[in-house]
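Chains as they are written, first to last, in my numbering: chain A, 1 to 117; chain B, 1001 to 1114.
It should be emphasised that the hints constitute simulated quantities derived from the structure, not laboratory data.
Fair warning: there could be bad hints in the mix.
As the list claims (entries may be wrong) - Okay, derived cross-link-like pairs now, BS3-like style, lysine-lysine, Cα gap no bigger than 30 Å in a straight line: (1) LYS55(A) - LYS20(A); (2) LYS41(A) - LYS14(A); (3) LYS41(A) - LYS1101(B); (4) LYS1101(B) - LYS14(A).
As the list claims (entries may be wrong) - Some chain A residues flagged as far from chain B (calculated, every beta-carbon gap over 12 Å): (5) SER18; (6) ASP27; (7) LYS41; (8) SER43; (9) LEU46; (10) GLY61; (11) ASN70; (12) THR82; (13) ASP88; (14) ILE93.
We treat Cβ as the ideally placed atom computed from N, Cα and C, and that holds for glycine.
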Amino acid sequence: GAVVSQHPSWVICKSGTSVKIECRSLDFQATTMFWYRQFPKQSLMLMATSNEGSKATYEQGVEKDKFLINHASLTLSTLTVTSAHPEDSSFYICSARPARGNSYEQYFGPGTRLTVT
Amino acid sequence: AQSVTQLDSHVSVSEGTPVLLRCNYSSSYSPSLFWYVQHPNKGLQLLLKYTSAATLVKGINGFEAEFKKSETSFHLTKPSAHMSDAAEYFCVVSRNTGGFKTIFGAGTRLFVKA
């Protein structure tokens, strides 16, 4: 089956620093990837849609300058949290849609736990 | 517009008894509906999906769900709960008209008592 990986699986960083999270589709090409964040005991909230070779589309209320998304290839999207603050601590999950196949398919990564101290 | 409502924030059952997790949806288009499970500090695992084929969908680990258009429901059931079923469950609706969009329900925490 289709596999999506995320790296790192968890990261601790100091307030004010930046951290990059990678999302990779391991055995398929993904023209579209999605980034979600999940606060403890809450549901997933879509942050942005990342399209290969173009700018990401951000959901309302998500700061594009704080959450930088790059989708430079058909198998890799990155989310960079810039100048991180404790309130950015969360579980970040990506998903990827295959370039070919059922239009409703998407595959989720295992998530990245970010803790900002 | 699309929305999904999980009617119970938490459900508690005894091991060996049936499980029912309720989900209602609203969609302007023919929706695709999914149930995912998330164990603590883990990613999402797809349990089953409905994409306009058979209305009764069988998934993994003995779970199944029935799409009822007249009731706009997609409830998740399992005949006999196991301790390992204790987790968070998300009902999800997706559409691919006017752009791909996925909406997550708020989640239902399932507790299984020994």
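Each hint tested on the structure:
1. Taking the CA atoms of LYS55(A) and LYS20(A), the gap is about 17 Å. The hint holds against a cut of 30 Å.
2. For the hint linking LYS41(A) to LYS14(A), the alpha-carbon distance of about 24 Å falls within 30 Å, and the restraint holds.
3. A threshold of 30 Å between alpha carbons decides the hint, and for LYS41(A) with LYS1101(B) the separation of about 23 Å falls inside it, so the pair holds.
4. For the given pair, LYS1101(B) sits about 34 Å from LYS14(A) by alpha-carbon distance, which is inconsistent with the 30 Å threshold.
5. No Cβ of chain B comes within 12 Å of the Cβ of SER18(A); the nearest lies about 24 Å off, and the non-interface call holds.
6. Interface exclusion of ASP27(A) from chain B stands, the closest Cβ pair being 16 Å apart, more than 12 Å.
7. In this structure LYS41(A) is not separated from chain B by more than 12 Å, as the shortest Cβ-Cβ distance comes to only about 8 Å.
8. For SER43(A), the non-interface assignment is contradicted: its Cβ lies about 5 Å from the closest Cβ of chain B, within the 12 Å cut-off.
9. Interface exclusion of LEU46(A) from chain B breaks down, the closest Cβ pair being 7 Å apart, not more than 12 Å.
10. The beta carbon of GLY61(A) sits about 16 Å from the closest Cβ of chain B, which is more than 12 Å, so the claim that it is off the interface holds.
11. Consistency note on ASN70(A): stated as away from chain B, and its beta-carbon is indeed over 12 Å from all of that chain's, at 20 Å minimum.
12. Distance to chain B confirms THR82(A) as a non-interface residue, since its nearest Cβ pair spans about 24 Å, more than 12 Å.
13. Against chain B, the non-interface label of ASP88(A) holds: every CB pair exceeds 12 Å, the least being about 18 Å.
14. A beta-carbon of chain B comes within 12 Å of the beta-carbon of ILE93(A); the shortest separation is about 6 Å.
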